[in-house]
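J.: So the chains spell out like this:
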Amino acid sequence: MTSPSQSSVLGPAVVTRQLRKTFGHLVAVESLDLEIKRGEVFGLLGPNGSGKTTTIRMLTGLMQPTSGDAMVVGFDVRRDSEAIRRNIGYMSQKFGLYEDLTIVENIRFYAGVYGLIGAERESRIAELMDELGLTERAAQLAGTLSGGWKQRLALACATAHRPAMVFLDEPTAGVDPAARRRFWEIIYMLASRGTTILVTTHYMDEAERCQRLGFLSRGHLIGLGTVQEVVDQFKLPSIEDVFIELQRRDEGAAA
Amino acid sequence: MSLIHRLRRASFWPMLRKEFIQMRRDRFTLAMLIGIPAIQLALFGYAVQTEVRNVPTVVLDQSHTPQSRRLVDMMANTRNFRIIRNATNREDVRNAIERGEAAAAIIVPPEFATDLKRGHTAQAQVIVDAADPLSSAAAISAAALTGARSGPELTGRSTPVVAPVVDVRVRPWYNPESRSSHYIVPGIIGILLTMTMVSITGAAIVRERERGTLEQLVVTPIGKTSLMLGKTIPFALVGYLQVTVILVLGKLLFDIPLRGNLLLLYLLIAPFVVASLGTGLFISAVTKTQVQAMQLSFFFIMPNILLSGFMFPRAAMPEPAQWVGAALPLTYFLTVMRGVLLKGVAMNDIWRDAVILTGFAVVLVAMSVRKFSKTVE
Numbered sequence: 001m002t003s004p005s006q007s008s009v010l011g012p013a014v015v016t017r018q019l020r021k022t023f024g025h026l027v028a029v030e031s032l033d034l035e036i037k038r039g040e041v042f043g044l045l046g047p048n049g050s051g052k053t054t055t056i057r058m059l060t061g062l063m064q065p066t067s068g069d070a071m072v073v074g075f076d077v078r079r080d081s082e083a084i085r086r087n088i089g090y091m092s093q094k095f096g097l098y099e100d101l102t103i104v105e106n107i108r109f110y111a112g113v114y115g116l117i118g119a120e121r122e123s124r125i126a127e128l129m130d131e132l133g134l135t136e137r138a139a140q141l142a143g144t145l146s147g148g149w150k151q152r153l154a155l156a157c158a159t160a161h162r163p164a165m166v167f168l169d170e171p172t173a174g175v176d177p178a179a180r181r182r183f184w185e186i187i188y189m190l191a192s193r194g195t196t197i198l199v200t201t202h203y204m205d206e207a208e209r210c211q212r213l214g215f216l217s218r219g220h221l222i223g224l225g226t227v228q229e230v231v232d233q234f235k236l237p238s239i240e241d242v243f244i245e246l247q248r249r250d251e252g253a254a255a
Numbered sequence: 256m257s258l259i260h261r262l263r264r265a266s267f268w269p270m271l272r273k274e275f276i277q278m279r280r281d282r283f284t285l286a287m288l289i290g291i292p293a294i295q296l297a298l299f300g301y302a303v304q305t306e307v308r309n310v311p312t313v314v315l316d317q318s319h320t321p322q323s324r325r326l327v328d329m330m331a332n333t334r335n336f337r338i339i340r341n342a343t344n345r346e347d348v349r350n351a352i353e354r355g356e357a358a359a360a361i362i363v364p365p366e367f368a369t370d371l372k373r374g375h376t377a378q379a380q381v382i383v384d385a386a387d388p389l390s391s392a393a394a395i396s397a398a399a400l401t402g403a404r405s406g407p408e409l410t411g412r413s414t415p416v417v418a419p420v421v422d423v424r425v426r427p428w429y430n431p432e433s434r435s436s437h438y439i440v441p442g443i444i445g446i447l448l449t450m451t452m453v454s455i456t457g458a459a460i461v462r463e464r465e466r467g468t469l470e471q472l473v474v475t476p477i478g479k480t481s482l483m484l485g486k487t488i489p490f491a492l493v494g495y496l497q498v499t500v501i502l503v504l505g506k507l508l509f510d511i512p513l514r515g516n517l518l519l520l521y522l523l524i525a526p527f528v529v530a531s532l533g534t535g536l537f538i539s540a541v542t543k544t545q546v547q548a549m550q551l552s553f554f555f556i557m558p559n560i561l562l563s564g565f566m567f568p569r570a571a572m573p574e575p576a577q578w579v580g581a582a583l584p585l586t587y588f589l590t591v592m593r594g595v596l597l598k599g600v601a602m603n604d605i606w607r608d609a610v611i612l613t614g615f616a617v618v619l620v621a622m623s624v625r626k627f628s629k630t631v632e
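Chains as they are written, first to last, in the working numbering: chain A, 1 to 255; chain B, 256 to 632.
It should be emphasised that the hints constitute simulated quantities derived from the structure, not laboratory data. All values derive from a computational prediction rather than experimental measurement. Where is the CB? At the ideal position from N, CA and C, for every residue including glycine. Do not rely on the hints blindly, as some may be mistaken.
What the hints assert, rightly or not - Example chain A residues on the side facing chain B (calculated, C-beta under 10 Å, incomplete):
| id | residue |
| --- | --- |
| 1 | P12 |
| 2 | R85 |
| 3 | G89 |
| 4 | N106 |
| 5 | G112 |
| 6 | R137 |
| 7 | Q140 |
| 8 | L141 |
| 9 | C157 |
| 10 | R162 |
| 11 | Y188 |
| 12 | A191 |
| 13 | F234 |
What the hints assert, rightly or not - No farther apart than 27 Å at their CA atoms in a straight line, the calculated lysine-lysine pairs in the DSS-like style are these:
| id | chain 1 | residue 1 | chain 2 | residue 2 |
| --- | --- | --- | --- | --- |
| 14 | A | K94 | B | K372 |
| 15 | B | K543 | B | K598 |
| 16 | A | K94 | B | K506 |
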């Protein structure tokens, strides 16, 4: 079976210390201290504009932090962004698929970009297609697939190199409930093999599937822990109430 | 890791492979890329040719002598001028041109034949409606040539005449019959390469930005170099294919001379292709949408068409226009292409332009690599 890259098994998957990102006068992320354990399924929640995507972009090396430090799978985001890129997978809201390529061509392309060649690459492609249930439509153009298929294909592309950690930025937006359930089964399968998962979502049922949650509001981390811990912390009946309460507060502060 | 192993694993290969699959699948664009050269060649080659020939012309022959009639005949025989009628006086000539009835006039003054007999320079005037510079340039050069050739024939002397018979001061270019198709073919090669390399390449990368695949690529270990090479090499090959199509059709349809060394020609295309790809990459690095990229490429292509010497001779341009032309790679490429294709010049005549082109290639690629960053900010 597959195991994540052994690049740096020691230590947590993500550690940030006073991570900060500003765009001009706008503070997108402020003093973020976060720790995610290896093999954990961690959910990052918050209203739009709370800093979720900016946080993911800093951790994946897409953006340089303004100040503070972050280590991802044992590498410094400032100095070792290339090493991070080799050891993580990233799936954006837009999926990043080539619509004029078929399923198998998309996977082959990303596997190749991650340095897989020859027989090794082809056997990995077959494995991914089998595990994510893509074989049936291998020769279909990605542009003609439905949301659920696109989502699984995007995950196949993002994990072609067996990354130690996978970042999923609102992966199930616009996907039907059955496909969402199937997707989460795959996420748990990855986690069971030791892959760390960081996922952002707006769906409360998805939030409740995460082992731990972080709540972002206006760039600040204001809640952290298991679902139960977060609910207790805010003294509200459910995660959904916490979310709505936060959104209300944010909008109040912005007005 | 050995070098060969690293080369095999380079993310450049999957990029290249992907681009070829996408290009093959986008039949419409591919057909356009190959079809456009043929269409442009036919358009420019035929349209420009008929326009330059058969310029409607009125004649004001005030000399009424065999010599003056002979001169008018010679003019008409160039087929640049199509004599539509005789004018009655200068006022009539002016009106004919102003109304657009004629685009040129040949005026032979009363003293033409007597001047010839006395061995003086006989003056004849050719008036050309310069509103259409292409036609007029051809008409002027035809007139000047006829003037020069008519000397011995009209005077009946075989000794070369020192002073020109028809006093039109125009320097005829190296295309003595004013066969514009010859002149235009190297130009089309340059313009077409500019259009394909700059606008299609620019749009191809911006499309990845728009669709979110660039963001996806940025989080992979693919290097900037692999990304840019994989993206541009297929277009460079298309460029060479276009050049070949134009050369073959140009030879078949217009019998353009291929005087120079073809190997040298293909070699000299490379720096221009690289410079144009560099421009395309730069455009893609500074724009966010395909529409923006298209607009910016158009903005770049217009001066190339107007100021590079593709349509109008640069020598006739005002100085600022010449400076702009001097900043365009196409200007030097045209010199090189016309030199090699029409004049058959060798490397030592055009090395200066070749060096400048290479300089453009290096600078433009360096600029776009600098500008193209592997982040999304």
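J.: Out of the numbered hints, which ones does the structure contradict?
T.: Per hint list: 1, 6, 7, 10, 11, 12, 13, 14, 15, 16 violated.
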